[in-house]
Amino acid sequence: MTIETSNQCMTAAAAKALLQQGLSCQVNSDLPPQFQVGDLVRARVVHPATYTRLPRYVRGKVGTVMQDHGVYVFPDTVGQLLATKPQHVYSVRFPAQALWGPAAPASDALYLDLFDDHLEGP
Amino acid sequence: MNGPHDLGGMQGLGAIPIEENEPVFHSAWEAKVFAMSFATFSTFFPVDETRHAAERIPAGEYLSASYYERWLAALELLLTEHGWLTPAEIEDRITHLRQTES
Amino acid sequence: MTTHHHRPESEIALRVKAIESLLVEKGIVDPAALDTIIEHYEHQVGPHVGAQIVAKAWVDPDFKRRLLADGTGAIAELGLTGFSSEHMIVVANTATVHNLIVCTLCSCYPWAILGLPPTWYKSLAYRSRAVIEPRSVLAEFGLVLPDTVEVCVWDSNADLRYLVLPERPDGAEGLSEEALAALVTRNAMIGTAKVEPPTSPTPIAA
Numbered sequence: 006m007t008i009e010t011s012n013q014c015m016t017a018a019a020a021k022a023l024l025q026q027g028l029s030c031q032v033n034s035d036l037p038p039q040f041q042v043g044d045l046v047r048a049r050v051v052h053p054a055t056y057t058r059l060p061r062y063v064r065g066k067v068g069t070v071m072q073d074h075g076v077y078v079f080p081d082t083v084g085q086l087l088a089t090k091p092q093h094v095y096s097v098r099f100p101a102q103a104l105w106g107p108a109a110p111a112s113d114a115l116y117l118d119l120f121d122d123h124l125e126g127p
Numbered sequence: 662m663n664g665p666h667d668l669g670g671m672q673g674l675g676a677i678p679i680e681e682n683e684p685v686f687h688s689a690w691e692a693k694v695f696a697m698s699f700a701t702f703s704t705f706f707p708v709d710e711t712r713h714a715a716e717r718i719p720a721g722e723y724l725s726a727s728y729y730e731r732w733l734a735a736l737e738l739l740l741t742e743h744g745w746l747t748p749a750e751i752e753d754r755i756t757h758l759r760q761t762e763s
Numbered sequence: 024m025t026t027h028h029h030r031p032e033s034e035i036a037l038r039v040k041a042i043e044s045l046l047v048e049k050g051i052v053d054p055a056a057l058d059t060i061i062e063h064y065e066h067q068v069g070p071h072v073g074a075q076i077v078a079k080a081w082v083d084p085d086f087k088r089r090l091l092a093d094g095t096g097a098i099a100e101l102g103l104t105g106f107s108s109e110h111m112i113v114v115a116n117t118a119t120v121h122n123l124i125v126c127t128l129c130s131c132y133p134w135a136i137l138g139l140p141p142t143w144y145k146s147l148a149y150r151s152r153a154v155i156e157p158r159s160v161l162a163e164f165g166l167v168l169p170d171t172v173e174v175c176v177w178d179s180n181a182d183l184r185y186l187v188l189p190e191r192p193d194g195a196e197g198l199s200e201e202a203l204a205a206l207v208t209r210n211a212m213i214g215t216a217k218v219e220p221p222t223s224p225t226p227i228a229a
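Protein chains in written order, with this note's numbering: chain L, 6 to 127; chain Z, 662 to 763; chain G, 24 to 229.
Derived by calculation from the structure, the hints in this document are not laboratory data. Where hints are given, some of them may not hold.
[Claimed, not checked] DSSO-like, lysine-lysine: derived pairs with alpha carbons at most 30 Å apart:
1. L/LYS21 x G/LYS217
2. L/LYS21 x G/LYS40
3. G/LYS145 x L/LYS66
4. G/LYS217 x G/LYS87
5. L/LYS66 x G/LYS49
6. L/LYS21 x L/LYS66
7. G/LYS79 x L/LYS21
8. G/LYS145 x G/LYS40
9. G/LYS40 x G/LYS217
10. G/LYS40 x G/LYS87
11. G/LYS145 x G/LYS217
12. L/LYS90 x L/LYS66
In this text, all values refer to a predicted model and were calculated from it rather than measured experimentally.
Make a model of the complete structure from these sequences and hints.
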């Protein structure tokens with residue numbers, strides 16, 4: 006494990022501060038993005054037995070990068086106390102029919118925020 | 662993990678349970694479970710570790726538990742895995758409380 | 024479904040009390056902090072916060088532009104950020120686009136903007152169905168959308184939190200920002216309802 010926690014009891018004042026200020030997961034970084042807005046991307050076909058924010062229903066499906074949200078810590082490794090592994094997060098648009106087949110309305114779409122490590126070229 | 666939490670697209674889970682004018686918490690214990698979890702967010706357990714703990718609840722239990730029962734199970738799992746509490750300590754305290762309250 | 028408990032309530036309550044007393048004794052949690060946290064979510068934050076943001080966007084086109092371009096920044100202008108709302112994306116409903124928010128993997132939700140989520144949002148039924156059959160989910164809320172409307176579902180599994188900017192209803196001209204905010208329901212800001220005009224005889228409850 007490389008992520009250490011403070012293990013300090015949260016006081017009422019600390020709770021108030023956390024409630025009001027939150028806890029940013031964003032990282033100041035000049036790490037270059039792996040993908041650009043407009044790129045077609047495929048959600049990786051992986052089945053880790055550990056923590057991941059890549060839902061099963063999207064694995065192997067192709068979508069379009071709509072927005073680059075910037076660099077965030079990677080929950081898949083943070084959730085296991087392994088590493089923060091900062092990387093870009095993108096809003097990826099999947100047509101409903103790409104996910105659910107021709108019975109889905111052609112007009113509808115699903116948007117998912119995915120990390121560099123969740124994606125590959127189409 | 663391909664756990665019971667990964668629900669997107671699953672079928673057979675019924676109608677949406679819409680409750681009018683529902684309270685923030687339905688009981689005092691729900692509020693306490695929430696607050697204890699929040700009070701250990703980031704200080705003892707990163708939020709993602711608590712999410713992962715909920716996912717590790719056995720699938721049958723996950724699917725039959727209420728929302729805050731899952732939070733309770735996740736909190737208990739992390740507290741005991743990290744050695745802050747032992748399962749025996751919890752059971753002993755329950756027994757003690759039951760005796761003093763009856 | 025989520026009101027079903029496989030253990031009696033009294034047993035769970037006792038278990039929670041046992042854990043709480045142990046954690047307090049060991050100095051892991053502070054009872055005063057627990058009170059602060061519960062008070063915050065029971066009385067401080069809630070859908071009225073989001074409604075304030077929506078009403079401002081309806082009356083202030085510049086704010087609306089900033090809100091849709093940079094939700095986090097625009098909401099911070101109003102001092103309304105907080106835990107689980109650190110990174111905000113606001114998506115606007117229009118005559119041709121309807122947005123719906125879900126978190127399929129847990130129940131991520133903009134706590135500082137809408138308070139804690141309702142039972143239905145946390146239900147297995149909503150989490151499973153909103154992505155595969157959003158239109159039938161919306162129909163259960165009494166919202167039937169024509170095929171000409173594009174339904175966009177946002178599965179918010181990462182660290183970004185979402186708020187729907189509903190359409191301003193007809194018949195709300197001349198209302199103050201405060202009166203407009205009073206029309207905005209929680210469900211309208213998740214996308215399972217529209218905002219009803221002020222004269223509606225049977226407004227849909229939040």
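Which hints, by number, does the structure contradict?
1, 5, 6, 9, 10
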